[in-house]
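**Student:** Residues per chain, in single letters:
2 protein chains.
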Amino acid sequence: MKALIFDGTLQLTEIPKPDPPPGEALVLVTTAGICNTDVEITRGYMNFRGVPGHEFVGKVEAADDSELVGARVVGEINAGCDQCSWCAQGMERHCPNRTVLGIAGRDGAFAEYLGLPVKNLVKVPHSLSDEKAVFTEPLAAAMEILEQVKIEPSHRVLVLGDGKLGQLVAMVLRLTGCDLVLVGKHRDKLELFARGGGSVLLLDELTASKERFDIVVEASGSPSGWNLAVSRVKPRGILVLKSTYHGALSFNPAPLVINEITVVGSRCGRFGPALRVLEAGLVDPTVLIAAVFPFDQAEEAFRRSQERGALKVLLKM
Amino acid sequence: MKALIFDGTLQLTEIPKPDPPPGEALVLVTTAGICNTDVEITRGYMNFRGVPGHEFVGKVEAADDSELVGARVVGEINAGCDQCSWCAQGMERHCPNRTVLGIAGRDGAFAEYLGLPVKNLVKVPHSLSDEKAVFTEPLAAAMEILEQVKIEPSHRVLVLGDGKLGQLVAMVLRLTGCDLVLVGKHRDKLELFARGGGSVLLLDELTASKERFDIVVEASGSPSGWNLAVSRVKPRGILVLKSTYHGALSFNPAPLVINEITVVGSRCGRFGPALRVLEAGLVDPTVLIAAVFPFDQAEEAFRRSQERGALKVLLKM
Numbered sequence: 005m006k007a008l009i010f011d012g013t014l015q016l017t018e019i020p021k022p023d024p025p026p027g028e029a030l031v032l033v034t035t036a037g038i039c040n041t042d043v044e045i046t047r048g049y050m051n052f053r054g055v056p057g058h059e060f061v062g063k064v065e066a067a068d069d070s071e072l073v074g075a076r077v078v079g080e081i082n083a084g085c086d087q088c089s090w091c092a093q094g095m096e097r098h099c100p101n102r103t104v105l106g107i108a109g110r111d112g113a114f115a116e117y118l119g120l121p122v123k124n125l126v127k128v129p130h131s132l133s134d135e136k137a138v139f140t141e142p143l144a145a146a147m148e149i150l151e152q153v154k155i156e157p158s159h160r161v162l163v164l165g166d167g168k169l170g171q172l173v174a175m176v177l178r179l180t181g182c183d184l185v186l187v188g189k190h191r192d193k194l195e196l197f198a199r200g201g202g203s204v205l206l207l208d209e210l211t212a213s214k215e216r217f218d219i220v221v222e223a224s225g226s227p228s229g230w231n232l233a234v235s236r237v238k239p240r241g242i243l244v245l246k247s248t249y250h251g252a253l254s255f256n257p258a259p260l261v262i263n264e265i266t267v268v269g270s271r272c273g274r275f276g277p278a279l280r281v282l283e284a285g286l287v288d289p290t291v292l293i294a295a296v297f298p299f300d301q302a303e304e305a306f307r308r309s310q311e312r313g314a315l316k317v318l319l320k321m
Numbered sequence: 005m006k007a008l009i010f011d012g013t014l015q016l017t018e019i020p021k022p023d024p025p026p027g028e029a030l031v032l033v034t035t036a037g038i039c040n041t042d043v044e045i046t047r048g049y050m051n052f053r054g055v056p057g058h059e060f061v062g063k064v065e066a067a068d069d070s071e072l073v074g075a076r077v078v079g080e081i082n083a084g085c086d087q088c089s090w091c092a093q094g095m096e097r098h099c100p101n102r103t104v105l106g107i108a109g110r111d112g113a114f115a116e117y118l119g120l121p122v123k124n125l126v127k128v129p130h131s132l133s134d135e136k137a138v139f140t141e142p143l144a145a146a147m148e149i150l151e152q153v154k155i156e157p158s159h160r161v162l163v164l165g166d167g168k169l170g171q172l173v174a175m176v177l178r179l180t181g182c183d184l185v186l187v188g189k190h191r192d193k194l195e196l197f198a199r200g201g202g203s204v205l206l207l208d209e210l211t212a213s214k215e216r217f218d219i220v221v222e223a224s225g226s227p228s229g230w231n232l233a234v235s236r237v238k239p240r241g242i243l244v245l246k247s248t249y250h251g252a253l254s255f256n257p258a259p260l261v262i263n264e265i266t267v268v269g270s271r272c273g274r275f276g277p278a279l280r281v282l283e284a285g286l287v288d289p290t291v292l293i294a295a296v297f298p299f300d301q302a303e304e305a306f307r308r309s310q311e312r313g314a315l316k317v318l319l320k321m
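Chains as they are written, first to last, in the working numbering: chain E, 5 to 321; chain D, 5 to 321.
Chain E on its own, in the form it takes in the complex (with noise of 0.2 Å):
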């Protein structure tokens, strides 16, 4: 089958189909989206070796459930080992022995097939489109802060990052009422937000004014962005780290300890909710689909997707 390996460099070649163990399927992908995090495997997180993507929709072609074969379906990410405490509470994404598809141990959705445990797999419902399908994982993603950090709706919250990850936070955190601003660079990714009636602040803006936040939300995806929410949490705020890159980053901790704010790193949630939401039509990220690439054009499709200021390409398969 064809599929995009990353082995130092990345490049579209042909490697054997997989073959799945006993209690996983094999998936015909569709559609995949190309995500910061495959970007930042390209430039050595996680130190991944192999076929990387991790947004998905697809169509079952085998699995020891007949019935879920033809079915059309998402995939949570990460598969955990199915002995350990964490997995024994349904938190195989914290299972110290999980794989992570496309990211640990696992090749990912940037091919033809992939494979996945069974029991990671998610109907799509008739409705949905593949296009909005596509976005279950990074939206299960953004909706993990409300599993982690209660959201009133009399707070005041900044979103830092006008990419993929910055709306579609700004996109479920705005659902709760509380009274939020997306912050970022571009003009134009800015007023897709306020387009649908959020609002915004170039980041310029924000810099002119001294206000600080219940809670800052730092999906900016940039090392900066760290010191910049800091800077902007209010005394005993609240600021969710949802940006991974590769590297370091130095940082005074005095201000965390001297204003007592709680910083919460927040990665993958889970996909029922997200479906739901998607279903529902509370929110709809289509709107931040850049380009739509035949899989033949992979290649040109992740360097399209790191492009300054594209926002999410998809690849058909």
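Derived by calculation from the structure, the hints in this document are not laboratory data. Quantities reported herein were computed from a predicted structural model and do not represent experimental measurements. All C-beta atoms, glycine included, are put in the ideal place defined by N, C-alpha and C. Check each hint, because a few of them may be wrong.
[To be verified] Here are the computed lysine-lysine pairs in the DSS-like style, where the Cα-Cα straight-line distance is at most 25 Å:
(1) D/K238 with D/K154
(2) E/K6 with E/K21
(3) E/K21 with E/K127
(4) E/K154 with E/K238
(5) D/K189 with D/K214
(6) E/K154 with E/K21
(7) E/K238 with D/K154
(8) D/K238 with E/K154
(9) D/K154 with E/K154
[Said to hold, decoys possible] Computed far set for chain E versus chain D, every beta-carbon distance over 12 Å:
(10) P24
(11) S70
(12) P277
(13) T290
Dock chain D against the given chain E, drawing on the hints supplied.
**Tutor:** Leaving out everything else, chain D in the frame of chain E:
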């Protein structure tokens, strides 16, 4: 009056006695404690210039409220503006316009006299010796953790740092019934906590194990403590950051995000609960007293408190 002044270097000298404005009391300092924050101040922390010192017991010499004159008191170190929303909530310790005794904008306790708002003063119960009462401030700071984080009896808790702050934190968190271990580099200091029935480990012994904890408190005062702490928190666990030091540290934020760790910055606490715990004999901080110096030898006392392995050094005025 005699005072220990920091203006780039530290020296015992004569300065005018404070002349407190209306609403503030003049306090004759009888006992003061040297804290690591005082040492950090001499390294540039907070850019403070003036009289350091914020742990004290004293006698009210003059106050608008004559009932207070002659009382033995301790004092909350944050003096708010009384005008802002933080002060209105009784959270003067986060007032943006606050002064902080011996730390920011207000001369401190390493002097014969100090000035503090009358509302900051708390009478010391007769049953408490000066040697116990002088620990009210750092004990309140340790107990602040209990105001911020729900520690359950079933939690496994790691306290990093066998210095003054780490020991006080371990003493109070242990009262929750949690399964706590104090880790440090100094066998003799750990022995103090062990003698009180606490569980201890040398840093090397911790390094040899792979254990992760529900809650880790970083109280080592060392930048290296941060990375060790991050590596020892369970996924979804809590890291309490208690150390303040001057300068930046380099860290990779990815583990916070991947393991969804919550970092809680923690600073000053309320004096009432600390005095209750002292009076009830639930903790005895006097085991931490390494030396008591007359105030004439304040410079030497300060040097002593900076020696490796030194615990609490007190000054008697």
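**Student:** Could you work out which of the previously given hints the structure breaks and list their numbers from low to high?
**Tutor:** 6
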